[in-house]
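Chains as they are written, first to last, in this note's numbering: chain R, 60 to 391; chain D, 60 to 391; chain Z, 60 to 391; chain C, 60 to 391; chain G, 60 to 391; chain U, 60 to 391.
I should point out that these hints are in silico values taken from the structure, not numbers from a laboratory. Wrong hints could be hidden among the right ones.
The list cannot tell twin chains apart, which means a pair is met if one copy fits it or any two copies do.
Once the Cα atoms are required to be at most 30 Å apart in a straight line, the calculated BS3-like pairs of lysine-lysine come out as [stated by the list, open to error]:
| hint | residue 1 | residue 2 |
| --- | --- | --- |
| 1 | LYS370 | LYS117 |
| 2 | LYS189 | LYS370 |
| 3 | LYS100 | LYS217 |
| 4 | LYS189 | LYS100 |
| 5 | LYS189 | LYS89 |
| 6 | LYS117 | LYS356 |
| 7 | LYS117 | LYS189 |
| 8 | LYS356 | LYS370 |
| 9 | LYS100 | LYS370 |
| 10 | LYS217 | LYS370 |
| 11 | LYS89 | LYS356 |
| 12 | LYS89 | LYS217 |
6 protein chains.
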Amino acid sequence: MAQENKAVRECAALRTLVPGERFCGCYLLKSASGATTGAGKPYLNLRLADRSGELPGKLWDYAGPVGPADAGRIVWVSGRVETYQNVTQASLDALRLAEETDEVDPSRLVPAAPYDAGQMLDYVERTLGKLADADYRAVCLAMLDRHRAAFSAIPGGKTMHHSFLHGLLMHTAKMMQAADTLSRLYSDVIDRSLLIAGVFLHDIGKVAEYRTTELGMISEYSAEGQLLGHLFLGAEEVGEVAREAGIPEEKRMLLQHLIASHHGRPEFGTIVTPRCAEAELLANLDMIDSRMEMYRKAFEETPAGTFSRQKIYGLNNGTIYRPAAQSESEAE
Amino acid sequence: MAQENKAVRECAALRTLVPGERFCGCYLLKSASGATTGAGKPYLNLRLADRSGELPGKLWDYAGPVGPADAGRIVWVSGRVETYQNVTQASLDALRLAEETDEVDPSRLVPAAPYDAGQMLDYVERTLGKLADADYRAVCLAMLDRHRAAFSAIPGGKTMHHSFLHGLLMHTAKMMQAADTLSRLYSDVIDRSLLIAGVFLHDIGKVAEYRTTELGMISEYSAEGQLLGHLFLGAEEVGEVAREAGIPEEKRMLLQHLIASHHGRPEFGTIVTPRCAEAELLANLDMIDSRMEMYRKAFEETPAGTFSRQKIYGLNNGTIYRPAAQSESEAE
Amino acid sequence: MAQENKAVRECAALRTLVPGERFCGCYLLKSASGATTGAGKPYLNLRLADRSGELPGKLWDYAGPVGPADAGRIVWVSGRVETYQNVTQASLDALRLAEETDEVDPSRLVPAAPYDAGQMLDYVERTLGKLADADYRAVCLAMLDRHRAAFSAIPGGKTMHHSFLHGLLMHTAKMMQAADTLSRLYSDVIDRSLLIAGVFLHDIGKVAEYRTTELGMISEYSAEGQLLGHLFLGAEEVGEVAREAGIPEEKRMLLQHLIASHHGRPEFGTIVTPRCAEAELLANLDMIDSRMEMYRKAFEETPAGTFSRQKIYGLNNGTIYRPAAQSESEAE
Amino acid sequence: MAQENKAVRECAALRTLVPGERFCGCYLLKSASGATTGAGKPYLNLRLADRSGELPGKLWDYAGPVGPADAGRIVWVSGRVETYQNVTQASLDALRLAEETDEVDPSRLVPAAPYDAGQMLDYVERTLGKLADADYRAVCLAMLDRHRAAFSAIPGGKTMHHSFLHGLLMHTAKMMQAADTLSRLYSDVIDRSLLIAGVFLHDIGKVAEYRTTELGMISEYSAEGQLLGHLFLGAEEVGEVAREAGIPEEKRMLLQHLIASHHGRPEFGTIVTPRCAEAELLANLDMIDSRMEMYRKAFEETPAGTFSRQKIYGLNNGTIYRPAAQSESEAE
Amino acid sequence: MAQENKAVRECAALRTLVPGERFCGCYLLKSASGATTGAGKPYLNLRLADRSGELPGKLWDYAGPVGPADAGRIVWVSGRVETYQNVTQASLDALRLAEETDEVDPSRLVPAAPYDAGQMLDYVERTLGKLADADYRAVCLAMLDRHRAAFSAIPGGKTMHHSFLHGLLMHTAKMMQAADTLSRLYSDVIDRSLLIAGVFLHDIGKVAEYRTTELGMISEYSAEGQLLGHLFLGAEEVGEVAREAGIPEEKRMLLQHLIASHHGRPEFGTIVTPRCAEAELLANLDMIDSRMEMYRKAFEETPAGTFSRQKIYGLNNGTIYRPAAQSESEAE
Amino acid sequence: MAQENKAVRECAALRTLVPGERFCGCYLLKSASGATTGAGKPYLNLRLADRSGELPGKLWDYAGPVGPADAGRIVWVSGRVETYQNVTQASLDALRLAEETDEVDPSRLVPAAPYDAGQMLDYVERTLGKLADADYRAVCLAMLDRHRAAFSAIPGGKTMHHSFLHGLLMHTAKMMQAADTLSRLYSDVIDRSLLIAGVFLHDIGKVAEYRTTELGMISEYSAEGQLLGHLFLGAEEVGEVAREAGIPEEKRMLLQHLIASHHGRPEFGTIVTPRCAEAELLANLDMIDSRMEMYRKAFEETPAGTFSRQKIYGLNNGTIYRPAAQSESEAE
């Protein structure tokens with residue numbers, strides 16, 4: 060059915076490979092298990108993955124060293140795509156663990172935020188650096204120093220929303236922009252420095268709550284994450300840093316309160332309910348950004364003028380509608 | 060205890076009057092009831108009110124025409140403040156219903172929004188007039204034409220928040236500003252014209268839901284308001300106007316959905332839960348603006364560095380904290 | 060295993076066909092997909108259905124015109140039943156879309172109410188025609204004129220109860236009978252005309268809420284149905300018709316209230332809770348009729364003296380018991 | 060102010076007495092307390108009550124024997140109505156405990172059902188006597204024999220609904236009428252004998268749950284009523300009676316189930332949720348009759364065309380509306 | 060692959076059998092179905108089970124008498140373990156229903172409590188026999204006499220906890236030990252005799268609520284169990300026994316209350332909420348013992364230092380953590 | 060009415076003073092306000108209080124220095140009890156703030172635990188000192204060193220339970236005794252050292268959560284207490300102390316988890332739900348001890364054989380029953 064194709068595609072997205080094509084490059088090894096042919100020859104069953112999808116494969120006459128224990132690691136492979144019993148699969152001729160010189164771009168293998176991580180981090184850092192209140196500024200910058208790498212790399216969650224590289228950073232940066240304008244709109248009750256500090260710190264405990272794979276995706280929750288939760292972990296560490304920085308007790312307490320209350324309601328796992336205006340606004344901005352992101356993700360699979368095929372738990376557990384009508388572009 | 064004061068204060072705030080002072084001017088007659096002295100002479104027991112508070116009073120040797128049926132109306136009085144059995148009260152010497160020539164300023168007698176109503180209405184009208192989408196614009200302007208006077212005059216609620224003159228207008232205008240910036244931040248999922256139209260229309264049904272006093276405050280809910288609610292009333296009328304305007308069915312349906320879903324959750328009385336991004340964002344902006352306003356109101360009676368004395372039902376049913384710490388002003 | 064049978068059964072219930080039998084007639088085409096044999100010949104995989112069940116089948120050497128796009132339509136087929144790998148299937152020799160001259164009886168293909176639709180509609184129409192109150196009567200008859208065909212044809216729901224042809228009509232007619240007697244029993248608080256009008260109108264919005272297949276079953280909810288719901292849609296249209304008919308405002312409002320409140324409790328999606336006696340009674344009659352119908356349906360698969368095999372969501376999410384004991388017939 | 064009136068009104072409703080009138084007769088003594096005048100003379104402060112309301116009073120120069128311990132008992136008094144400090148009160152000249160020869164009609168002193176108790180009991184008894192099923196009939200008649208007096212006398216509840224003499228009987232009789240017609244409408248799932256037996260027995264445990272005053276009103280719950288509840292008490296006793304009567308085990312179990320499940324939902328205190336059709340229908344009829352009665356009671360204080368002044372807990376905790384519109388009488 | 064093994068293992072745990080081994084003994088026949096080979100010969104497909112697991116098997120050239128109807132019964136088999144298409148299975152050469160002389164030990168075939176049933180029963184009986192209060196003691200001993208065999212044999216539940224032989228006895232005995240010490244700690248409010256009687260009686264209704272298999276495991280709930288529940292059934296029978304024993308009414312009522320309230324909260328199916336100290340403590344001890352047992356069971360599959368792989372519904376519906384840290388043994 | 064009594068009672072319980080008696084001693088000054096007689100003479104209105112109750116009083120011809128600002132402090136007074144307009148009050152002749160030499164026993168003025176504080180503290184300290192696990196022991200002893208005074212002095216709560224001096228200590232000591240025995244009963248899943256450490260630490264955050272009066276009663280919550288709560292404050296500090304002590308990370312995390320989860324369910328304000336056996340048991344022991352103490356307190360005002368007059372919020376929001384039946388004393 061598929062004709063032979065002599066060219067070798069390098070680092071091609073798996074979903075774009077068609078039977079007959081040859082390919083090579085680095086991919087994520089999702090799983091691997093040794094087996095034996097009827098004729099007694101060892102071979103390897105495996106699954107390759109990149110951001111575009113997954114592909115099952117076989118490597119004949121192979122007894123190692125790569126095996127089941129390498130699941131989750133990156134491998135370099137070369138082979139050919141074929142169809143067997145209606146299933147598209149790869150027939151490999153070479154396989155080895157990736158090496159430093161392979162220079163793998165993680166965002167080719169796992170999903171990443173749709174914005175440039177460097178620019179987002181820059182925005183966050185600049186905003187914090189210009190906070191009017193020296194105390195809140197000091198705590199934020201100290202926390203950023205402690206966690207810059209992880210903060211700008213990890214996803215924002217496991218499945219619900221922002222579950223891609225730099226997801227936490229994107230979530231934080233977007234909320235910071237919203238906080239910036241709303242703090243001016245409600246300046247009679249909102250202390251802008253406190254609100255923006257709260258936005259930056261609210262999910263910082265996720266750095267300790269998650270365990271990530273080699274490629275930066277969340278593999279599971281840490282024991283600490285499960286037994287204490289990111290609200291507690293974040294508020295606890297911020298308390299420590301605030302005390303080290305010697306800021307006034309009330310400010311330290313307010314920062315901790317914003318973190319501890321940002322899930323809003325007991326049934327959402329908040330430690331306390333919001334008791335100051337900045338905490339209340341922060342909890343609402345968190346909800347807005349999470350839900351807008353869930354819509355963005357749902358739109359990827361929902362044509363205009365239709366409802367999503369699945370109910371979305373975080374969006375009132377219903378299907379969502381993507382309007383067909385497009386307003387004309389703004390004439391401003 | 061109080062010495063005699065010969066000057067007559069005109070239209071003074073009731074809370075500022077002290078025993079011994081003479082006063083005159085227009086006030087709200089909260090209640091009135093006829094009585095008879097031990098000597099068989101008729102007199103009137105009454106309560107005056109203005110925005111600053113209330114004052115009980117008596118008018119001796121008076122048998123009408125003003126009486127209990129005039130409660131809630133505006134009267135012109137003149138009299139003197141005295142103390143009787145530890146209670147400060149007014150001893151009146153004249154009383155009549157207010158007349159047109161008295162030129163009463165309602166905002167002296169009942170609370171009003173802390174912003175200029177004209178400017179807010181102007182902002183709303185200009186924003187609607189520039190909506191990129193001609194269909195949504197047409198419906199909004201038609202609804203504004205129908206209800207301009209009431210929309211810009213009535214309170215936003217009976218007790219919870221924005222319960223003062225122009226409250227609905229202030230609530231709408233503030234949300235519109237927030238919607239303006241957030242629609243740009245989330246432009247990949249939000250149709251700005253639809254969102255802003257939804258903000259303008261979301262509470263328009265309150266015009267039919269409330270009954271107001273002569274002075275524009277809410278006295279009670281209308282029968283229609285109680286039996287159908289402002290979500291239904293607003294969505295129903297907008298459907299009618301949209302059909303008259305001949306806009307596409309999907310747009311009509313979306314406008315109705317935004318109104319019908321803006322209370323967000325069934326336990327908050329929503330007709331349906333939000334099913335499109337604009338509806339979701341609208342429900343959240345409504346919550347933010349209501350709660351920020353509740354904070355603003357609570358701050359009036361909560362000194363910095365303390366908790367409010369009462370639990371506030373709409374704010375997680377807890378006391379709220381007003382921080383003492385003030386961040387330095389922004390250096391931008 | 061199965062012996063040959065020369066007779067051809069016409070329009071036989073699919074569940075009654077056994078291997079070896081020949082058959083022909085009109086059936087519902089549930090699905091169809093083209094395929095190719097090992098030898099490169101095209102054929103069609105399909106599923107036939109009628110009210111009794113489904114039957115997979117194959118039509119060899121066939122490349123159209125009937126194909127996947129015809130799923131949900133009625134086809135005329137002829138063929139033979141056989142067993143292949145333990146599965147009973149049809150081997151067809153002819154297939155075409157049904158034509159008018161085939162005179163298909165929908166109730167052979169999809170489930171229908173266990174009562175005669177004509178008689179039920181007649182009862183409803185007569186009852187409405189005799190309503191003592193001319194205003195309520197006028198609105199009901201106008202609504203019946205608008206929707207007679209759909210009202211008497213569509214199911215009452217998608218899965219929970221009355222999910223068969225004429226289901227809405229049966230649900231309405233049964234409730235009307237109950238309302239008739241209970242309105243007399245509680246005549247000191249119930250206005251019979253209002254209650255019966257409410258019964259007729261309460262689910263009329265379902266006409267707009269559902270999308271139906273060629274055979275009249277519900278395929279999905281309309282966009283309007285999902286974004287606004289049948290309570291809103293019904294109450295909105297009744298408001299429009301009532302205004303056209305010029306009935307008093309209070310009566311229009313009461314009719315709308317009965318529709319808007321008939322789901323009783325916020326967690327059941329009611330727009331408002333019942334606030335008048337007729338609304339309260341209507342909500343309860345709706346619950347009774349739905350649940351009695353769920354019992355009737357459950358009894359079809361539950362032998363006397365046993366519990367249903369499955370929990371039934373709408374019946375307190377439990378299994379139900381069908382008593383073995385039968386009281387002697389009444390001697391009256 | 061009030062002129063003297065020489066006639067003595069006997070057994071007049073307290074609410075109809077006006078200052079200046081003389082009266083005598085038997086009344087309920089709500090409370091009594093001895094006191095002493097400034098001149099050292101003993102007198103009695105007391106409150107009289109009948110079904111129409113209450114009246115404070117004084118009996119001068121009285122030191123007993125009637126006193127505080129007689130609160131709740133019936134007394135014969137004679138006296139005169141006067142006004143003192145704007146309060147209407149009775150000045151008595153005679154007071155003694157009521158005697159048998161006074162032949163007090165309890166329904167003059169405490170509220171009673173608006174139907175004739177004898178006729179209601181007769182209807183219930185006749186209906187039970189004609190039950191088609193001999194087993195259910197036997198149990199019902201045995202229970203009626205055990206509790207005829209209390210069953211037909213006690214109120215149906217303490218405050219919520221049917222809180223008047225014969226209230227339980229009225230509640231039962233009304234439900235029985237509704238059950239009679241609905242059991243025919245749903246005869247494919249409902250065993251009429253079982254349903255009607257369940258109606259009769261469902262609240263029979265209230266006989267043991269309440270403690271009543273001399274006049275038959277509920278004074279408090281019995282210890283057994285509080286620790287086990289009338290659902291348990293009723294189902295337990297019916298089990299005992301059914302076993303004595305030797306009816307089949309399944310029927311005994313079904314009767315107990317109907318009683319044990321008639322509160323419908325766990326949050327309403329049901330022992331189990333309804334699991335058979337008769338139990339489901341019974342729970343709904345109980346709700347209908349309770350709520351219709353709450354409406355009937357609310358109408359006594361709600362003019363047509365207005366809302367009740369108070370929220371009514373049992374009616375969705377809202378105010379209720381009594382329509383002004385009256386449909387023309389039925390022309391049948 | 061597996062070499063031949065001539066020895067025959069008797070009554071070996073199924074999980075320990077390896078391909079090549081011969082075995083014989085009594086096992087549970089989980090299921091059986093007749094089939095025919097391609098060559099037309101009848102054979103039996105079956106599944107054997109014991110406490111260690113299950114094993115599929117085949118008995119060639121067999122047409123009965125053992126067949127599908129014997130599923131759930133105990134059979135004696137002999138055969139050989141082999142591997143076919145990667146599945147380990149038994150190839151039997153003999154099969155018959157177990158006979159009395161086979162002297163099967165049920166605990167070899169189904170799970171049993173990890174404590175000696177005789178000792179536990181002895182402890183319970185001794186404790187009851189020494190109860191200080193003669194009335195409570197009499198009722199408990201009478202109930203024990205009625206149900207000794209079933210009480211000490213049946214599981215404590217179907218799946219949640221104590222779902223093994225003697226589970227109810229173990230649950231009761233453990234709670235009795237806890238009740239013993241806590242009744243002394245809280246002796247100012249707790250009557251020890253009442254509490255311990257309540258512990259013994261609280262789940263006694265399970266004897267009537269469950270139906271058990273030949274081997275004593277729970278197969279399903281009885282009709283009575285589903286329609287009335289073990290709280291009702293237990294409290295009803297205890298009431299009967301208490302009345303027969305002639306103990307004071309208050310004590311009878313308290314025993315019934317402890318049983319009727321031991322599920323604590325309406326959403327957990329309690330008949331009434333605890334209203335005396337012993338009932339409150341009993342409900343808490345029941346919860347403690349259930350949950351500690353769920354932990355004990357979860358530990359069997361959770362290595363130290365890890366979380367359970369599954370969420371556990373009864374343990375806050377979360378995964379549980381088994382600490383790695385082991386405190387040194389107590390030096391007392 | 061009351062005769063003169065020449066003796067002066069010293070430090071008498073206020074509730075025992077009768078009109079005519081003279082008294083002197085130290086009391087709590089609940090409130091004080093200056094006033095002026097008709098004749099223009101200054102005097103002081105005040106309320107005295109001790110553990111037995113309150114007594115209003117007057118001090119004539121007094122203009123200070125004691126005044127309103129001294130409310131909540133202890134004063135020495137001397138005076139005489141009299142009756143004025145049916146109210147018993149004190150007529151003082153002397154008043155001054157208490158001095159050190161007055162040697163006031165706080166437990167005379169405010170309620171205290173019914174056990175000896177020294178013995179309870181001794182028991183707690185000894186138990187912690189003997190903990191088998193050196194790590195948990197170290198953290199507990201360090202925490203005890205930090206907070207010994209406050210821990211053994213403050214109440215356990217503001218109103219619900221243990222709201223008296225040494226209440227927290229009593230609550231902790233009782234739970235420790237229960238934990239001691241239950242940890243042995245469930246030794247297969249419970250690490251006794253961890254459980255007992257958790258019991259000691261679970262409410263330690265209350266030391267920071269409350270603000271206390273001069274006499275040690277809780278006057279209000281601290282800002283930190285309201286914004287973060289005692290679960291957070293305790294877990295945070297224990298984390299700090301555990302890190303200082305250098306115990307293994309897992310043990311530190313487990314201690315924090317036990318504190319953070321001890322309220323059990325989200326609606327009770329827990330930070331996380333219990334995820335290990337010790338946390339689960341701790342949450343249950345906390346509930347048991349709180350509720351047994353609520354019963355102990357309720358018994359003080361509930362005669363045997365009756366129900367409490369009030370519903371008790373923390374005891375299922377119902378009235379509670381105190382049995383009349385007393386089991387004979389145990390014969391062991």
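Each hint tested on the structure:
1. Proximity of LYS370 to LYS117 under the C-alpha cut-off of 30 Å is found in neither arrangement, the shortest distances being 36 Å within a copy and 35 Å between copies.
2. Taking identical chains as interchangeable, the C-alpha atoms of LYS189 and LYS370 are never at most 30 Å apart, the minima being 42 Å within one chain and 36 Å between chains.
3. Proximity of LYS100 and LYS217 under a CA criterion of 30 Å is satisfied in neither setting, with 40 Å inside one chain copy and 48 Å between copies.
4. Taking identical chains as interchangeable, the C-alpha atoms of LYS189 and LYS100 are never at most 30 Å apart, the minima being 66 Å within one chain and 63 Å between chains.
5. Taking CA atoms no more than 30 Å apart as the test, LYS189 paired with LYS89 passes in neither setting, with 44 Å inside one copy and 51 Å between copies.
6. With identical chains, the CA atoms of LYS117 and LYS356 are never at most 30 Å apart, being 33 Å at best within one copy and 40 Å at best between copies.
7. Taking identical chains as interchangeable, the C-alpha atoms of LYS117 and LYS189 are never at most 30 Å apart, the minima being 56 Å within one chain and 61 Å between chains.
8. With identical chains, the CA atoms of LYS356 and LYS370 are at most 30 Å apart both within one copy (13 Å) and between copies (28 Å).
9. In this assembly of identical chains, the alpha carbons of LYS100 and LYS370 never lie at most 30 Å apart, being 47 Å within a copy and 41 Å across copies at closest.
10. In this assembly of identical chains, LYS217 and LYS370 lie within 30 Å of each other by CA distance both inside one copy and across copies; the values are 18 Å within and 17 Å between.
11. Only within a single protomer do LYS89 and LYS356 lie at most 30 Å apart by alpha-carbon distance; the minimum there is 23 Å, versus 32 Å between protomers.
12. In the homo-oligomer, the alpha carbons of LYS89 and LYS217 lie at most 30 Å apart inside one protomer (17 Å), although the nearest pairing across protomers, at 38 Å, exceeds that limit.
In this structure, the earlier hints numbered 1, 2, 3, 4, 5, 6, 7, 9 are contradicted, and the remaining ones agree with it.
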